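Peer 1: Sequence:
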Amino acid sequence: IEKIIIRLDASAPGTDFDMMTALDWKDGIATLPGSDIRVQGFNDINLIISPSGQQAQAVGSVAVGTCPEEGTSTELGRCKTCGHSGSLSSFLQGKFCSPFVLQKSFLLLQHGEGGIVLMCWCDDAVAVVTTAPVKKKAWSWPAYLEEEKAVAAPLKLFKEHQSFPQSRNMFKVGMKLEGLDPCHPALFCVLTVAEVQGYRIRLHFDGYPECYDFWVNADSWDVKPPGWCEKMGLKLLLPKGCRDGEFNWNTYVKNCRGQLAPKHLFKSLNTSVTPSGFRAGMKLEAVDRKNPSLICVATISAVVDNRLLIHFDNWDDTYDYWCDASSPYIHPVGFCEDTELTLTTPAEYKQPKSFSWEKYLEETGSQAAPARAFKQRPPHGFQVGMKLESVDKRNPMLIRVSTISDLEDFRVKIHFDGWTEEYDYWADADSPDLHPVGWCQKTGHPLQHFNGSSSEPPAPPGQGCPTPGCNGVGHIKGPRYGTHYTAVSCPYSELNLNKEGLVPDRLSGERPVTLSGPPRHRRTESLNQTSAHTPTGNSLEPTENSLQQFLHDSVFCGWEPPKFQQCWEKHGKLLPEALGLNAKTVAKWNTEEVATFVRKLPGCREHATIFRNEQIDGEAFLLLTQSDIVKILSIKLGPALKIYNCILMLKSADEE
1 IEKIIIRLDA SAPGTDFDMM TALDWKDGIA TLPGSDIRVQ GFNDINLIIS PSGQQAQAVG
61 SVAVGTCPEE GTSTELGRCK TCGHSGSLSS FLQGKFCSPF VLQKSFLLLQ HGEGGIVLMC
121 WCDDAVAVVT TAPVKKKAWS WPAYLEEEKA VAAPLKLFKE HQSFPQSRNM FKVGMKLEGL
181 DPCHPALFCV LTVAEVQGYR IRLHFDGYPE CYDFWVNADS WDVKPPGWCE KMGLKLLLPK
241 GCRDGEFNWN TYVKNCRGQL APKHLFKSLN TSVTPSGFRA GMKLEAVDRK NPSLICVATI
301 SAVVDNRLLI HFDNWDDTYD YWCDASSPYI HPVGFCEDTE LTLTTPAEYK QPKSFSWEKY
361 LEETGSQAAP ARAFKQRPPH GFQVGMKLES VDKRNPMLIR VSTISDLEDF RVKIHFDGWT
421 EEYDYWADAD SPDLHPVGWC QKTGHPLQHF NGSSSEPPAP PGQGCPTPGC NGVGHIKGPR
481 YGTHYTAVSC PYSELNLNKE GLVPDRLSGE RPVTLSGPPR HRRTESLNQT SAHTPTGNSL
541 EPTENSLQQF LHDSVFCGWE PPKFQQCWEK HGKLLPEALG LNAKTVAKWN TEEVATFVRK
601 LPGCREHATI FRNEQIDGEA FLLLTQSDIV KILSIKLGPA LKIYNCILML KSADEE
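Residue numbers (UniProt numbering): 1 to 656.
No lab work stands behind these hints: they were computed from the structure.
Treat the numbers as computed from the prediction; the structure is a model and nothing was measured.
Treat the hints with care, as some may be off.
Straight-line distance between alpha carbons at most 20 Å, and here's what the computed PhoX-like set of lysine-lysine pairs gives [what the hints assert, rightly or not]: (1) 283 with 231; (2) 393 with 290; (3) 588 with 477; (4) 159 with 353; (5) 159 with 375; (6) 387 with 375; (7) 600 with 636; (8) 387 with 156; (9) 588 with 636; (10) 393 with 263; (11) 176 with 231; (12) 240 with 588; (13) 263 with 176; (14) 375 with 267.
Full structure from sequences and hints, please.
Peer 2: And the structure:
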C-alpha cells in the first residue's frame, strides 16, 4: 500500500488525527518517521516516493504504480488490501485487485506502542503496516559541536582542579568533615555530606537548615578531614549546642551516628607547598571581589599551604577570600599610586586622600608584603564562542552546556546555551565551576543541554513552571526543596532574578547577606552613608554601627522599611493573631504553620491554601512584598495589604 495516493475521507474513522504532528513536514513534503514513506498535501495524501525508490503515478483521485502487461503471468494471487483472489497479471503492481477497490479506501495514521501504524481500509479488510518506533536521538557533544559549527575549549586552558579527575569520588552521604563557609570564608565549620552527584558533593552545616547547603568538587581545597583545624591551630566553628574546649570528633560522630570522612579522600592534603614571601599580618592592596571596581587596604590574615586569606581592614569577614600568590586580585603596597587608581582606605580615614601607607604601617605596627612575593598570572587563553560545561550559579545542583560570550583579562562571561542573555554571569577563568567538554560524562554527573525545543522534558500537566526553559528543578530557597511549580519559587523567574543571592545570614539570622549582585557605590563615597560592611575595630561608635545597619537593611533587604516607626500596639489591635510573634520565630515555620497563620488573619481564610500549595515556608513568607502577594499569588488587594502589613509588623517586632 506504500505506493497509493489516497483521499482522506472526512467521514472515516480516525480523521481527528493531527497529521501535522504525526509526520515530519519540510517544504510541503512529509516523511513518515521510521520509514521511507514520503507524502505531500493535506486532504490528499500523495505518495511521492516508495521504499523502492520508484515513482508513483496518479490515476484519477487514486494513484497506483505501473501495471504489469496482461498475459505476463497466469499465477493466482491474493489482493494485499481486500484479500480477494485473482490472476497476478491483472493485479496492480502484483498486489492490488483493482483501482476501484482503492477508490473506496482511505488512509489512517495513528500512534501505537510499537511506533506509527499506517492502515488502509477497503470493503472487508484492513492492511496494516507498522513502522519501527521513532527513537529519540541521544544528545552528544561531538554531534552538537558539529551542528553548531563550534569548538570546545581546549583542555590545556583548564587548571588541574577544573579538568578531568584522576580518581573517583569516594565520599558517602553521612560522612563528617571540616570545611570553609562560602559566606564567611574565614570560618571552618563542621559539615556533613548530604548528597553525592558525580564528582561533586553537597555539604550541610550541622545544626542549620538545608537552605545553607552548598556544592563543591570532591577535590576542593575548601574541605578538610576531621581534626585538621586543631592540627593547623585554626579555630573550628562548632555546631549549636557544642561548647569550645569540650568538642571531640569521635564523641560527636558517635552521638550523631555519623562517620568520619577518611583522610585519603582529601586530595588537597597531597598538594606540594611552595615557599613564598607572604606572612600572616602583612599589608597589601586587594580587589574587592564583590565590587571589582574597588581596590582596598587589606591584610593577609592567614597563610595555609599555598593559599592566602585576604581580609579588608576594619570590615567584616563576609568580604574575605582565599587566593594564591599569582592571583590578579592582590597587589603590593603602592600599586594604586603607581597606576593612578583610587585606593579605598579603612573606615576611620574621613579624608582618603590624606592616607599614607608609610604612616599607616607605622600606626598598625605591620609591614608590607614584599613585591617579589607577587607572581604574575599569564592570560587565560579562552576565546569567545568556545564551548564548555558550567555550574548554574542560580541552581548549583545543575551543570549546563555553556558558551563563552565575553572576555576580560582574568574572567570569562558564561552563557547557557538555549537561554537568554539575562542569565549570563561572569566567572574567574580558574573557577572550579568551569569544566571542559565531557567532564560530566567522565564523572557521571548529569549535564543539562538544550535540544532545540526545550532544555528539559516537559513537566506533568498542572505541575510545569511557567518560566520559559525551566522544568521545575531547584528552588529559590536552595536545596531544602528539590522542585517548584510556580514563579514565586523559581530561581529563573523574573520575580527572583534580582533577589538571587539574598538569604538570611546563617550566623546572625537577622540581616541578609548579599552573595552577589550589581556593584555598589565606591566605599570611599559610602563609608559614612550606605556601607554594607560591619567594622571589626573600635573606629566607629555604636550609634554609627546602628546607623550603618539600618542603612544596609534599607538598601539591600528585599523589603522597604517604613519611613516612620509604626506603633506595634496600635496595629496589633487590627491583627491580634500577630501579637507575641516576631520575624525570628516566623522564619523557623514550615509551610503548614504559615498557612495556619494566614488562615487566622481577618478576611484571609480562603487564601491560606495558596500559601500551602506554593510551599511558602517562614523564611519565604518574610521575603514577600506587596507586589508579590498581589501579582504572583493573585490575592486581592485588601487581603494582600493585611498580609503584607503583618509581615512588616513581624519585622518591626524584631527591631523593637
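Peer 1: If a hint holds in the structure, say so; if it does not, say that too.
Peer 2: Do the hints match the structure? See the list:
This hinted pair does not check out: residue 283 and residue 231 have alpha carbons roughly 26 Å apart, beyond 20 Å. Taken as a hint, the residue 393 and residue 290 pair is honoured in the structure, with Cα atoms around 15 Å apart against an allowance of 20 Å. This hinted pair checks out: residue 588 and residue 477 have alpha carbons roughly 13 Å apart, not beyond 20 Å. Distance check on the hinted pair: residue 159 and residue 353 sit about 40 Å apart at the alpha-carbon level, beyond 20 Å; violated.
Proposed proximity of residue 159 and residue 375 is supported: the alpha carbons are some 17 Å apart, at most 20 Å. Simply put, residue 387 and residue 375 have alpha-carbon atoms about 29 Å apart, too far for the 20 Å limit, and the pair is violated. Pair hint residue 600 plus residue 636 holds up; C-alpha atoms about 17 Å apart against a cutoff of 20 Å. With a C-alpha separation of about 14 Å, the suggested pair residue 387 and residue 156 falls inside the 20 Å cut-off, and the hint holds.
A hinted pair counts as satisfied when its Cα atoms are at most 20 Å apart, and residue 588 with residue 636 does not qualify at roughly 27 Å. Taking the CA atoms of residue 393 and residue 263, the gap is about 29 Å. The hint is violated against a cut of 20 Å. Distance hint between residue 176 and residue 231 is fulfilled; the C-alpha atoms sit about 17 Å from each other, no more than 20 Å. Between residue 240 and residue 588, the direct Cα distance comes to roughly 15 Å. Compliance with the 20 Å bound is thereby established for this hinted pair.
Of the supplied pair hints, the one linking residue 263 and residue 176 holds, its CA atoms being roughly 11 Å apart against a limit of 20 Å. Note on residue 375 and residue 267: the hinted pairing is violated, with a Cα-Cα distance of about 24 Å set against a maximum of 20 Å.
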